[in-house]
Amino acid sequence: MNFMKATTAGIAFCAAGAVSAADLEVTHWWTSGGEAAAVAEFAKALDATGHTWIDGAIAGSGGTARPIIISRIIGGDPMHATQLNHGRQAEELIEAGLLLDITDVAEAQGWKDIINPSSLLDSCTVDGKIYCAPVNIHSWQWIWLSHKAYEDAGVPVPSNWDEYVASAAALEAAGKIPLAMGQQAWQSSGAFGVINVAVGGVELWNKINVEKDAEAAGGAEMAKVFEAAAAARAMAANSNVQDWNQATNLVITGQAGAQIMGDWAQGEFQVAGQVAGEDYTCLPGLGVNEVISTGGDAFYFPKQGDADIEAAQKELAALLVSPEVQVNFNLKKGSLPVRGDIDLSSANDCMKKGLEILAAGNILLSGDQVLSADTSGQIEDLMVEFWNDPSYSAADAQAKYAEIIGDAD
Amino acid sequence: MAVTDSGGTESARTPAKKPNRLFKNLTAKLASVPMILTAIVVFIGCTGWTIYHSFTKSRLLPAPDKWVGLDQYERLWSTRRWLVSIENLAIYGICSLVLSLVIGFTLAALLDRKIRGESVFRTIFLYPFALSFIVTGLVWQWVLNPDFGIQSVVQRWGWESFTFDPLNNADIVIYGILIAGIWQGSGFIMVIMLAGLRGIDEDIWKATRVEGIPVWKTYIVVIIPMMRPVFVTALVLIAAGIIKVYDLVVAQTSGGPGISSEVPAKYVIEKMFQSQNLGQGFAASTMMLVSVLVVLIPWAYLEFGGKRRD
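Protein chains in written order, with the working numbering: chain A, 1 to 409; chain B, 410 to 719.
To be clear, the hints were calculated from the coordinates, so they are not data collected in a lab. You can take every hint at face value.
Short, incomplete list of chain A residues facing chain B, as computed with Cβ under 10 angstroms: (1) GLN89; (2) GLU380; (3) ASP389; (4) TYR392.
Beyond 12 angstroms from chain B on every Cβ pair, some chain A residues (computed): (5) ALA21; (6) ASP122; (7) VAL165; (8) GLU172; (9) VAL202; (10) LYS212; (11) ALA231; (12) GLY273; (13) ASP349; (14) ALA395.
No more than 30 angstroms apart at the CA atoms, straight line, and that leaves these computed lysine-lysine pairs for BS3-like: (15) A/LYS212 / A/LYS129; (16) B/LYS466 / A/LYS129; (17) A/LYS129 / A/LYS112; (18) B/LYS615 / B/LYS626; (19) A/LYS112 / A/LYS353; (20) A/LYS353 / A/LYS332; (21) B/LYS523 / B/LYS615; (22) A/LYS212 / B/LYS475; (23) B/LYS466 / A/LYS207; (24) A/LYS129 / A/LYS303; (25) A/LYS224 / A/LYS212; (26) B/LYS475 / A/LYS303; (27) A/LYS207 / B/LYS475; (28) B/LYS653 / B/LYS466; (29) A/LYS303 / A/LYS112; (30) A/LYS332 / A/LYS44; (31) A/LYS352 / A/LYS332; (32) A/LYS212 / A/LYS112; (33) A/LYS44 / A/LYS303; (34) A/LYS303 / B/LYS466; (35) A/LYS212 / B/LYS466; (36) A/LYS148 / A/LYS353; (37) A/LYS129 / B/LYS475; (38) A/LYS332 / A/LYS112.
Positions of the beta carbon are idealized from the N, C-alpha and C atoms, including for glycine.
One chain only, chain B, in its complex shape (with noise of 0.2 angstroms):
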């Protein structure tokens, strides 16, 4: 918001007179107060509100008064599976961001190259995205049960002893919840890619090619760092989805085995309402926002604290 009224504008005005600047851009100023009040009382204001009564020993009912310090993050770092759940979100995360990367950049490199049939290929690669978390995690929970999906299709074309059921056993349980989650949301960043890709000029390509530069070339050294904020952009929304994962696991695994495929936005519900416990919730809910806050403000430094200096 603060960042889009500066800048341009004001460097192309000539100084003859020092305007005011809480006056300049009146109307825009007028018309976005209800969103900085919203961003101010909902977002700022109930994110206090929860990382104060973290401190308190509040149960159902949210109890102000019941100050006990840090004991809830006493509670919450000797949990074993808050420590399951921690581990699990950065495998998730890492593995989710790098592959939706990846694959949803070389389904739209591919489909860019101009094929016959490309709204087809499109509406398949986005197909999964239309449905819900619930939807996929259950789909996916049949595809990988070892009696009826993939495991069985393989055993009866004649390679029986081939096994893959991730989804019972623990230590590769939150690998199966990745296929899904990658399955669903790599359609979405293809067509964001190739929304990108689109938006590169023809002469780009006409160049290269007199240069004899060959293609796969240009996209890694040309066409990717072209398109840096739409990377930005599928960034932020993986990211969101990495941190918020939740009804996925419900629907695939409801954290089974056992606590293995726990995620801390399970963990901040289940706290919250079943275990009625509002105190650790919240503190597991604080400690997901620093998560968040450790990533994004050194990003934040270097993507805003560099562009100031040139």
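Isolated chain A (complex conformation) (with noise of 0.2 angstroms):
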């Protein structure tokens, strides 16, 4: 037994051999081609100690895969490890205990000191105790701009929001779709929150998602982003794809203007070769706003009750965040890092606008880490809605948004 916590404890330091080999089952969404590659960087690297990592990826989105990896822990049959996106999701599987506490893999290796931003780790923290290893942030305000569709319809490549919105006629002049968009209910809802940030402001955004001011969500300033989102409405209209990664490849073909998408899309760029700024642009904050939200995935280990594996399981853990890990998924990726102390000269320029915000400082926190999944699941139904049915008036919208923020908790 001595011996037992003794390499759990030193765990971290001493890979392989001080236990014996694990198998661990590692469930996630990462099955878009960007995604594949990064997530095989893991296993590289999980394999590489003696233990084996056997994949498991669940097709379709997070919405599609959360309940499977919930109710797998729930019914008992729990994987040993699984992406979630960290926040509110794990809320009630941590109360419940179902969760393992890693506060002492997070301990010996410091990441108080080298998670950055700091509100990463506190979203995996509940009374005091880690139980989740962030592994990379991603940022929803992005804005991804096809240099091919604007050469073809003779215009310049716009620089913000309102440049954007005003070549969007010359785009569709020459056959183009202006705004490519999935149908998706989560993509509906997360265009609508970067449209949110960038036109109503930081301060707006906290005092509805964080404060759920239900007046603010009702007010005039918001108005103005309802209005927004209902012309972002007219200018996706032609778009008739389902899954993001189709939307970003109109994009990437030319065959539309821009896709409003989180920086995963870059993954989906890297893959078809395009180079930023040559092929492809992408603005922050839609270029009016420089503001990243710092949500992003993290690994949960569920409790398994053996020893063995709960050693690997934290091994696992400490591996994920580590230096050189961390470079070869999040380059794949096309994410941030989750520690400031390494070094990624060779990101590309987007990844590098991505880091300039983030060390100075101009970030929010992200949808998972302030709302509710039931909040979030109501806004989604809203937000599918508004965006599909062009008769949904901006007002109407807005009311009920206003009701949704008043009976959030």
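Make the complex out of the two chains shown on their own, each in a separate frame, by following the hints.
Right, here's the structure in full:
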């Protein structure tokens, strides 16, 4: 027993050999080209320690995968590690005692000092204990512009949202879809959030999403946001794809002018061999308010009740945050690393923009961190209807939105 | 279960000594104990548990102590998505009930005319039933896709202005799903109907032929009333399929465009697992149960209440 304890404590430092090799089943929903390449980096790193990474990729977006993951944990068939968006999604699982406390790993590795921004670690912390290992920062606040589409339309590539809106007519005249947009609910809701921050500003966003101020949500400032979203809806009217990566593909091939999508879209451009600044342009905060939200992915480790496996889980937790793995993974994924002390000189244009904003501290919390899954779900229902039904007026949608924020907990 | 051991046997027996009803058919009763227990514990017990929790503020995990009364129901009935779901279920339900029965019976009647190659046709018609709803949904998503499916084929034949794009039109998307549902299910109904038709005594046909009654009239006036139990079976199967329609929608449109092809079962699943709001999901599923009971109770009353009277 003492031997086990000793190995558990020192696990982060002495990798393979000290513990028996374990097969770790890891579930995640990284299945698009760029994502799969990134997750392979994790698998490679874990396999190198003598343990085996058993890939449990779940196709579909987080919306499909999360219920499967959570019901497996609740149903008594937990995987060894799983991706979730950190924040409030796992709140109740932690309270029910279903997830492994990895505070000792975090302390041994000094996560408190290296993880930047510290809100990422806060989102993993419940009652002073740490339950997840953050692996990347994903921000929603990006618009991706296709140089080819703008060349064909004969107008310069815009540098902010207003210029972009003005260029929409020219794009349409050239037979392009001004705004590519997948029809899944989370995409509608996400794009709305981005417009919210860009048009309404950070302060308004915080008031509504953090303080849950229903009055602000129904106010005149927010009305402008809804008007802008209605305009964007008209620009996306001809985009009839479902998945986000299909929409990104419209931008890559120059059939669409732009897409509002998080920085994970970057991975797709990379897989397609496109170069930032030459083939496509990215504008953080839609070129208006240069802020990024710092949500992202984290790995949680469901309790197994087996000391050997627990040791291997903790080893994996340490590995995910280690510098080398962070660099390899995030370069492939197009996301930002969770630690500020590593060299990302090989990062491309867009990632560098993101890193600068991060270093300057222009950050907001992500929707996953401030809103419960229930409230996010209600907003998604509203947004997917709003984006797809041109007869749904901005004012009606705003009234409904204010109601949801008023009921939020 | 309870219906089977009453009636016939008792009236045939001479009432010499009054037997204890409890011990009559003891082996049969013992054998049905596991099923009775399953029904009580699993079906009724879990239904009660669900209904109870629909009055609580359960989120990701059940919370029996957080009582909120009718809050979940108030929220449910003020949610547009739920109202759209109910409307879709009504349209899908009525159309699929009527069309499945009509198409299923017509196909069965045609096959029953002793045509050549009957087994080939039967196989072809039944084949879609071998596919899951997921595959059916995906196949019809492609068939109805304006760039690859029916629309483009007809346009290539020269009818340039032809448009048939139900899946991207919020007003008619539910009919796009209906087409797929009918395609998948009517073959199965046909087989049931065919079995029923084969059960009709040959002499009946001979008799009607002697009387000179036209074939179509024989079907409507004689055969269909005789096939009543078969129709009831088909009806139950179709109705069960309607109320649980979920995977077809997920595969074909995932509720889109917008929320225009949402169905109640999808609302339940998503609220329970995606939005982590069990209370809301339970409230919705309780409403689904209520809607089934609203249909079932009057029907059962007519069916079984009527028999007792005569």
